Structure formats: structure tokens, C-alpha cells
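> The primary structure of each chain is shown beneath.
There are 2 protein chains.
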Amino acid sequence: MEFKDLEHYISKRQALNAALTLFAWDQDTEAPEESVEQTSKYVGTLSHELFELITDENVKNILLDLQLQDLPLEQKALVREWLKDIRKLEKIPSDKYQLHQELLMKAQHVWQKAKADDNYELFLPYLKQIVEEEKEFALYRKNNEENLYDVLLDDFEPGFHTQQLDQFFDMLKKEIIPLLQKIQNATYTIDKTYNEKDYDIDKQRIFNHWIAQYVGFDFKKGLMKESAHPFTTNFHNKDVRITTHYYLNNLESALFSTIHESGHALYEMNISDNITMTPIGVGASMGFHESQSRFYENIIGRSDLFWKPIYPRLQKAFEPLLDDVTLQHFIDGINKVQPSLIRTEADELTYSLHIMVRYEIEKKMFEGSVDYHQLPTLWNNLYKEYLGVTPSNNSEGILQDIHWAGGSFGYFPSYAIGSAIGAQIYAYMKKTVPIEQWILDGDFQKIKDYLKNHFHQYGAIYNTNELLQKVTGEPFNPQYYIDYLKNKYIQIYHLINE
Amino acid sequence: MEFKDLEHYISKRQALNAALTLFAWDQDTEAPEESVEQTSKYVGTLSHELFELITDENVKNILLDLQLQDLPLEQKALVREWLKDIRKLEKIPSDKYQLHQELLMKAQHVWQKAKADDNYELFLPYLKQIVEEEKEFALYRKNNEENLYDVLLDDFEPGFHTQQLDQFFDMLKKEIIPLLQKIQNATYTIDKTYNEKDYDIDKQRIFNHWIAQYVGFDFKKGLMKESAHPFTTNFHNKDVRITTHYYLNNLESALFSTIHESGHALYEMNISDNITMTPIGVGASMGFHESQSRFYENIIGRSDLFWKPIYPRLQKAFEPLLDDVTLQHFIDGINKVQPSLIRTEADELTYSLHIMVRYEIEKKMFEGSVDYHQLPTLWNNLYKEYLGVTPSNNSEGILQDIHWAGGSFGYFPSYAIGSAIGAQIYAYMKKTVPIEQWILDGDFQKIKDYLKNHFHQYGAIYNTNELLQKVTGEPFNPQYYIDYLKNKYIQIYHLINE
Chain A
1 MEFKDLEHYI SKRQALNAAL TLFAWDQDTE APEESVEQTS KYVGTLSHEL FELITDENVK
61 NILLDLQLQD LPLEQKALVR EWLKDIRKLE KIPSDKYQLH QELLMKAQHV WQKAKADDNY
121 ELFLPYLKQI VEEEKEFALY RKNNEENLYD VLLDDFEPGF HTQQLDQFFD MLKKEIIPLL
181 QKIQNATYTI DKTYNEKDYD IDKQRIFNHW IAQYVGFDFK KGLMKESAHP FTTNFHNKDV
241 RITTHYYLNN LESALFSTIH ESGHALYEMN ISDNITMTPI GVGASMGFHE SQSRFYENII
301 GRSDLFWKPI YPRLQKAFEP LLDDVTLQHF IDGINKVQPS LIRTEADELT YSLHIMVRYE
361 IEKKMFEGSV DYHQLPTLWN NLYKEYLGVT PSNNSEGILQ DIHWAGGSFG YFPSYAIGSA
421 IGAQIYAYMK KTVPIEQWIL DGDFQKIKDY LKNHFHQYGA IYNTNELLQK VTGEPFNPQY
481 YIDYLKNKYI QIYHLINE
Chain B
1 MEFKDLEHYI SKRQALNAAL TLFAWDQDTE APEESVEQTS KYVGTLSHEL FELITDENVK
61 NILLDLQLQD LPLEQKALVR EWLKDIRKLE KIPSDKYQLH QELLMKAQHV WQKAKADDNY
121 ELFLPYLKQI VEEEKEFALY RKNNEENLYD VLLDDFEPGF HTQQLDQFFD MLKKEIIPLL
181 QKIQNATYTI DKTYNEKDYD IDKQRIFNHW IAQYVGFDFK KGLMKESAHP FTTNFHNKDV
241 RITTHYYLNN LESALFSTIH ESGHALYEMN ISDNITMTPI GVGASMGFHE SQSRFYENII
301 GRSDLFWKPI YPRLQKAFEP LLDDVTLQHF IDGINKVQPS LIRTEADELT YSLHIMVRYE
361 IEKKMFEGSV DYHQLPTLWN NLYKEYLGVT PSNNSEGILQ DIHWAGGSFG YFPSYAIGSA
421 IGAQIYAYMK KTVPIEQWIL DGDFQKIKDY LKNHFHQYGA IYNTNELLQK VTGEPFNPQY
481 YIDYLKNKYI QIYHLINE
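The listed protein sequences derive, respectively, from chains A and B.
Quick note: the first sequence uses the working numbering, first residue 1, plus one each step.
Quick note: the second sequence uses the working numbering, first residue 1, plus one each step.
Derived from the structure by calculation, the hints contain no laboratory data.
Hints are supplied without guarantee of correctness; some may be wrong.
[Claimed, not checked] A few chain B positions that, by computed beta-carbon distances, are all more than 10 Å from chain A:
id	residue
1	4
2	14
3	22
4	203
5	236
6	247
7	314
[Unchecked claim] Okay, derived cross-link-like pairs now, DSS-like style, lysine-lysine, Cα gap no bigger than 25 Å in a straight line:
id	chain 1	residue 1	chain 2	residue 2
8	B	12	A	41
9	B	336	B	363
10	B	225	A	12
11	B	225	A	203
12	A	142	A	60
13	B	128	B	41
14	B	60	B	96
15	B	41	B	4
16	B	113	B	88
17	B	203	A	225
18	B	142	B	60
19	A	220	B	384
20	A	173	A	488
21	A	308	A	197
22	B	363	B	430
23	B	12	A	106
24	B	106	A	220
25	A	12	B	91
26	A	12	A	113
27	A	203	B	203
28	B	12	A	12
29	A	220	B	96
30	B	182	B	384
31	A	12	B	448
32	B	220	B	448
33	A	60	B	12
34	B	4	A	41
35	A	225	B	225
Predicted model only: the values in this text are computed from it and were never measured.
The beta-carbon is built from N, C-alpha and C at its ideal position, and this holds for glycine as well.
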């Protein structure tokens, strides 16, 4: 058999996938209120078609044959990834899969209500059933030596296991918690009340569109809208879409959401033409994707190098609200450390502590038996232990994220892995190219080109560790992240003599 | 076989169709500039899938079996329409069909550029190729006695042929051109310079959203955006979308586009729940659809009854621009007869003359051989002959409409047929219900209910003539339209004694 026997199936898979992506985009940004129920039938039908296609017997036979052949790199990767998808899906009885999808849809509605009403008990039976079914599905495909949670981790971060993550999080715990305590005891304090003034939404729209373009988002190959929760989606490398969300009394929120999503978008826009519109024409992994969004949002976007040339423009855009806020004051403000209850509002330093809470609980759910009634208490205790704060209710506690209601377990760690990958790449860039000068000069084309040439173009041809090795000459090494955080916050909080 | 054997195929057909509709909607309202070429491959693939499904042998066998059975009305109609689709498509090789769909998507993009740059030569090769392929497809399915253009007419207005249309247009020519001349010689003249003042776009947006709602558009089941050319699209009866287009110095344009598209939308929103999301859950024909948009836009929307209660609101919305324009002056203005170059901006009386230009050219393209380089001249000559005006460039001449770029030939006549159907239905309503009082009272729920009960609910269960017979007790009779126009314009232009 030849690779071209597969091409018809690739086209169909990508077209169905693009249609589903477009329905989701539409639903999240503009579809009318009463359309959902009927439109979800279309989505169900198309999802079913896609499932059938991915696990199609003919496709599998072609792939198994191709797997033995000496193929070009891209084709080899595509065959490998598709076979992986088949292994993930084929042992799940299709009726059970269908029922599980229905459960997830219902669970997300119930979760919304539970969160709104601060009623964990309402969500509990759904959470329990989702975990049980996810366990069952993971069992179908687990190797003998694997533990169950590793099967899930592998979906988002191929090659990462519990053992490696435990080490990573232990390192963070050991370094960040003491650093956080130092900051909380520092004599230097940061005021950011300026951020809560009335920032006209239309002016925010104009500035955010400008800043997306400034960091390299190409509006000929993408667009920007608004949604409840900011996200990025894409159809191919010439159609990448981001959303942001504006708040009158929070200037930062939209700004850093926009830069974050632009980072995701630049990755997708940089995927090579010869793999876009194929299953490997996407980011290498969740963590690698998140590394790019966080690279732009935090490493670049919260630096003084970044704001030095453009801060006057920000001041002018919202005149006179920032007239008496100096650049230094603004940089301090956007880096203020403030342990909080809500992950999505966390500062750069404490973000990974939020992830650790979820990681601990997910491991418990998948590795042992857990009393679901005790989970809120466990959540609250971990927040107290890691962040020093305690939720006053479950809505701002265990019910805050939609992920579990959507059946996503093993996904959260990638957020922290992404931060570490971003820091590792930045450290390498500092050694080899004048990245700091590029940022100061606003020369984002150079940054975009560097990232494209060194790894964006490859999409999912390589896995996380292979790609890191290729880009930085070494595998995943979180020490760079620790060093980055320490250096940054020692400087921000003038801790050098404390 | 049973009808339920078909249901799986109906779901798939509707889901693929909805996906294609969504891609088109996206492309027309927001997709990024450079996305078109790659996205058109998805569209090609999905169109191919849809084509394969519609012409599937299993489906055909089920349909042929069901055709002989005694089925409920809706099922019978669905079987009839699907078999008609099969007859339309089955002789076209599927690869050719897919390439044609991709051509159309590209051609629409090229047309946009050609129109913007006044560059007909850029569009010419696309137009030529589209017509050649459409001819080839029409040849596959034409009966011996049919001429080629009749094959296309039947797609939009089943049962209408060139002969009947020639008669209809001759009637219009005979009646409208002399009426137009009388109006142009009338002593009563109408000033509408007020329409060209600076009407703030944001204020127009607010007013147009309001007026859509006023005539019955339900924003829980639909939404309104902006596009170069206003249009309506729908996914089912709970998701119907319209667009409009705002001009700073033309208040009327958006207003009547909005009312027009709302008329289309109300039809789709009124389709019965038991046929929405099936192939017959759509308007009965293009002409019937257009009859509803024109009924709302012209018969209702340009009447004094309609504006009497709401004109003060319009004045207030654009204060002080309309302060010295009386209701009578405004009504005269929106009915001013002014032969122009642009179809979509045409007044109610001369609109069908624009259609006649296109009808003549389409007949030439499909019935004989035509020199495509000469088409702009032909276009300009016909405008001179019918309307007494000549385009100064091709953007306002032959490039003005997107239809041909989208492969729609035989479609334009339905606009004129629609006007005539609208007038026929209105004449019947005036005899049987207090429609004028409903309009004056702004009681659009009653109008919407009437239309729903009498025919909207039925979708495409009946064809144009059956439905007209059912609604008004007689088949297509354009005399009502002639009478309507004569009465209206004699009054507007005070021609009674001239």
C-alpha cells in the first residue's frame, strides 16, 4: 500500500474535524440561545462520523502496512499518531463511548448549575460516574506496567509519567513556597489599584487588537472575537482565531489574555504548509502549546523590556487613567504576587501551586479509592497548605474549573509543564540570540521566525522530549523555570538583601 | 422498507449540509482573508461527502421503495424531493462536482477582488469556466425537449419555464416602462436628499436591530451581522441568521435590507418542528422565499401604515437629521422612483427591470455562445435600454452581483416572481383579514401567525403553484402585481389626473 491510499481519509478526517471546530467556535462566540439543542444533533452526527472514520478497518490496515515502510518523516509521524488514536478509541465499545459523551454533555450543564448554586453534592454523582467510566476506558488501553493516571497523562503530554511529574512538582514546592513566603514578608509592597479604574471597553478593544498585531498575530490569517473564557482555535495555518474577554474594572485581564492567546495562535500560524490540514499539523503537545502562550504572556509580556517602548502608547490609549502610573509602577503591578483562590486569575509565581492541588486530587481519584464527599475538604486543605488561603465555598473551591465535567483528567499538569518548557527555551535563546534586544525593539517578526524555524513548523512530528532536545539540546529540565522565577521575583520584590 | 431506514441518512445529510452552511456563513461574515484557499478544500471534501450521500445507491433503493407506499404527507414530500435531487446529481461525476464546488468558492473570492478593483478581466476566466461546467452539468440531466436554461430555472422555481417567464417579463415591460415614463414626466417630484445626510453607523445598528425585532425577528432564535451583501441563512428553525450593510450616507439601504432579510428569516423560523432539520424543512421555492422578503420590505415596509406608528421613533433615533422631514415626505422618499445602476438599491418599481437585464444575459450564456469580453458592453446596453442609465465602470455594472460567482444561474428571475407572489398573497389577505389594521397596529405577531398557519409551516411540502393555490385559491397570477404597482405609484405620484 502507498501513502496516497490514506490521503482521501486524511482529507475527510480533517474536514469533519474542521466542521466540528467551526460549530464549537460558533457556539462559543455567537450562536443564538435557543439553537443549542437542535444544533447539538448535527454535532453528534458529525462526531459519530469522525469516530467511525478514525477507527475504520480499512484505514487501520493501510496504517499498519505503512508503519512497516520507510517513509518520509512527516508521513511516519502521521501514521504513528493515527495508530495511537486508534489504540485510544478502538477498544471502547461504541455504545459506551456514545453514552459517555452524553454524560459529559449533561455533566457540564449540571456543573454550571452546581457552581452557580454552590452545590457540590449536585455535581458529585456526575464526577464519580465520569471518573469511573474514564477509568474503565483507560483500563482498556493500559499496558501492564502502567498506572492508570499515566494513561491519561500520555494523552496530553506523551512521554510524561507520574514519577517525572512528582519530581517536578516536588522541586516547585521546595522552591516556590519559601519564595512566596519571602515575598509575603518583604518590606517592598506593590500597589495595583490603578488596574481597577474604569477602562472603557471600546478603548480596550482597540488596544488589544493593536497589541495582538504588535506581538505578531496576523489578521490576514486569523481573527479575534470575544467569549466568556478566552481561547484559541484553528482550522489550518491560515485561519487561527483567538478570543479575549473585557472587564471594565480590570485592564490587565484582557491584555494578558490577548497576549496569551496570541502566543497559542502564533504557534498554529507557524505550522509548515506541508503538514497543516493533517492530524500532525498541530502543536506538539498541550504542554508545548502552553509553553508558547506563557512565553508570550509572562516571559515576554510581563517584562519591562516589552513595555518600555509601548507603555506610553498604553497611557495615551486610556488617558488620563495611567498618567500618574510610572512604567516601573506598572511593571510591578502586572507582576504583583497575590495568592488567590482562582486559578485563572493567579499571578505567574503562584499559578503552578494551583495546578499542584488539582494534580494531587486527580492522582487520588485515579490511583486509589477516594471518598468523593471528602474532596472539597481535601481541596481546601491543599489550598491552605500550598497557597495559604482557604475557599469560603465550593464554587470558588473544587467547583471552579469545567475540566472534570468535560472528562479532562491529566490535562492540568500540562499548564505547569508549559511554563517550565517556556523558561527552558527562553534560557537557551538568551544564550544564542539577542532575544532581549528583539523584545526591546519590538522586533516580533524575528521572534516569530526563530520559533518557526526551530520548532513551530514541525507541529506534532516530534514528541515533547524529542522536540525539547532538538530545540535546546537537552530534555525537559525544570531547573530553568525555577531559576527564572527566582531571579525575576528577587528583582521585583527587591529581595537581594533580605 | 420503512421510513425509519432513511432516518440515519437524513441526519447525516442535514449535518453535512449544516456544516457547509456554517462554512459559507463564516466566509461571508468573518473568515480571515487568506483562509479561503485552504478552507475551500474542507468545503470541497464535505460537499463531496454530501454528494455521495444524496446519490447513494442504498438511499435510492429505499426511496424508490418508499415512493410506492402510502406515507404521511411530510414523508411523501421528502421522498419526492430527495428523488428529485438524485435525478439532478446522479449523472454528474462526483470528482467533477467536487472540483466545481472548489471553483465556486475561489471564484467568489476572486469576484470580491475584481469588484473592488473594477477588474472584470480578473473575473472573466472564472465566469467562463463556471458557465461551461454548469452547462455540462445541465446537459447531463436535461430532457430532450427542454432547453438548457429551463433546466436551471427548474432548480429555483419548479414548474416555471422560459416561455412563461418571457410572457411575465413582457407583461411587466409593457406596463412598467410606460408607467416609469409617466412618473418621469410627472409634475409631482420627490426630494430625498434627507437620505444622504450623515447617519451615524452605531445609531443605525441600534435602530436596525430594533426594527428587525419589531417585524418579528426572534433574537433568541437568530442573529444579525454585517456583510458586503445582505443575506439570510439558516441551520434549522431555531437558528436563522441575517446580515445587513450600513452606509453612512444612505439611511434607507440598511433599513430595507434588514426588513427584507427579516422577511426571509420569519419564513424559516416559522417552519414546523416536525420538518425542520429535514430536506423539506425549507422555503417552498426561491420565488416563494423572495415573496416573503418583498412582502415585508415593500408591501409592508414601504407603506404609510407601517411607518405611521414608528416614524417618530426613527426621527428621534437620528435627531435632528429628520426633524424637518414629515412622515408624508419620508413615505414619498422611500418610494421615489429613480432608475439606477445597482439592483440592490433599486426602487420597488424599477427592480424587475434590473432582473430583466440579468435574465437576458443568462439566457444568452446558456442558450448560445457568447463572447465573454463583450458581456460588460451587453450589460451596459441593456441598462440603457430598460432603465435609461449607463454604468461608468464594471463594478457598478456586470460585477455588481455575487450570484454568478456562486454558480447561481436561473436564480434572478425568482426575485421578480417573488414580487408577484407577494402581491397576489397580499391581495388575498386584504379580502379575508384586516391586514392593514395589523400593520398600522404594529401587530406583527398576527401577521407572523397568519403566514405560519397558511403556508410557512409547510416548508417545501408543496411546490410553488400548489402552495399558491392552497393559500390564495388560484395559481400564479401576475396581474395582482401589475395592479398593485399601478395603484401604488399613481397615488404616490398623484397621476390620477395626468
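> Look at each hint and say if it fits the structure.
Tested hints:
no.: 1; hint: 4; result: holds (16 Å)
no.: 2; hint: 14; result: violated (7 Å)
no.: 3; hint: 22; result: violated (5 Å)
no.: 4; hint: 203; result: holds (15 Å)
no.: 5; hint: 236; result: violated (5 Å)
no.: 6; hint: 247; result: holds (22 Å)
no.: 7; hint: 314; result: holds (25 Å)
no.: 8; hint: B:12 with A:41; result: holds (10 Å)
no.: 9; hint: B:336 with B:363; result: violated (31 Å)
no.: 10; hint: B:225 with A:12; result: violated (30 Å)
no.: 11; hint: B:225 with A:203; result: holds (22 Å)
no.: 12; hint: A:142 with A:60; result: holds (20 Å)
no.: 13; hint: B:128 with B:41; result: holds (22 Å)
no.: 14; hint: B:60 with B:96; result: holds (21 Å)
no.: 15; hint: B:41 with B:4; result: violated (33 Å)
no.: 16; hint: B:113 with B:88; result: violated (32 Å)
no.: 17; hint: B:203 with A:225; result: holds (22 Å)
no.: 18; hint: B:142 with B:60; result: holds (20 Å)
no.: 19; hint: A:220 with B:384; result: violated (40 Å)
no.: 20; hint: A:173 with A:488; result: holds (17 Å)
no.: 21; hint: A:308 with A:197; result: holds (22 Å)
no.: 22; hint: B:363 with B:430; result: violated (37 Å)
no.: 23; hint: B:12 with A:106; result: holds (23 Å)
no.: 24; hint: B:106 with A:220; result: holds (16 Å)
no.: 25; hint: A:12 with B:91; result: holds (23 Å)
no.: 26; hint: A:12 with A:113; result: violated (37 Å)
no.: 27; hint: A:203 with B:203; result: holds (19 Å)
no.: 28; hint: B:12 with A:12; result: holds (14 Å)
no.: 29; hint: A:220 with B:96; result: violated (30 Å)
no.: 30; hint: B:182 with B:384; result: holds (18 Å)
no.: 31; hint: A:12 with B:448; result: violated (41 Å)
no.: 32; hint: B:220 with B:448; result: holds (16 Å)
no.: 33; hint: A:60 with B:12; result: holds (23 Å)
no.: 34; hint: B:4 with A:41; result: holds (17 Å)
no.: 35; hint: A:225 with B:225; result: holds (13 Å)
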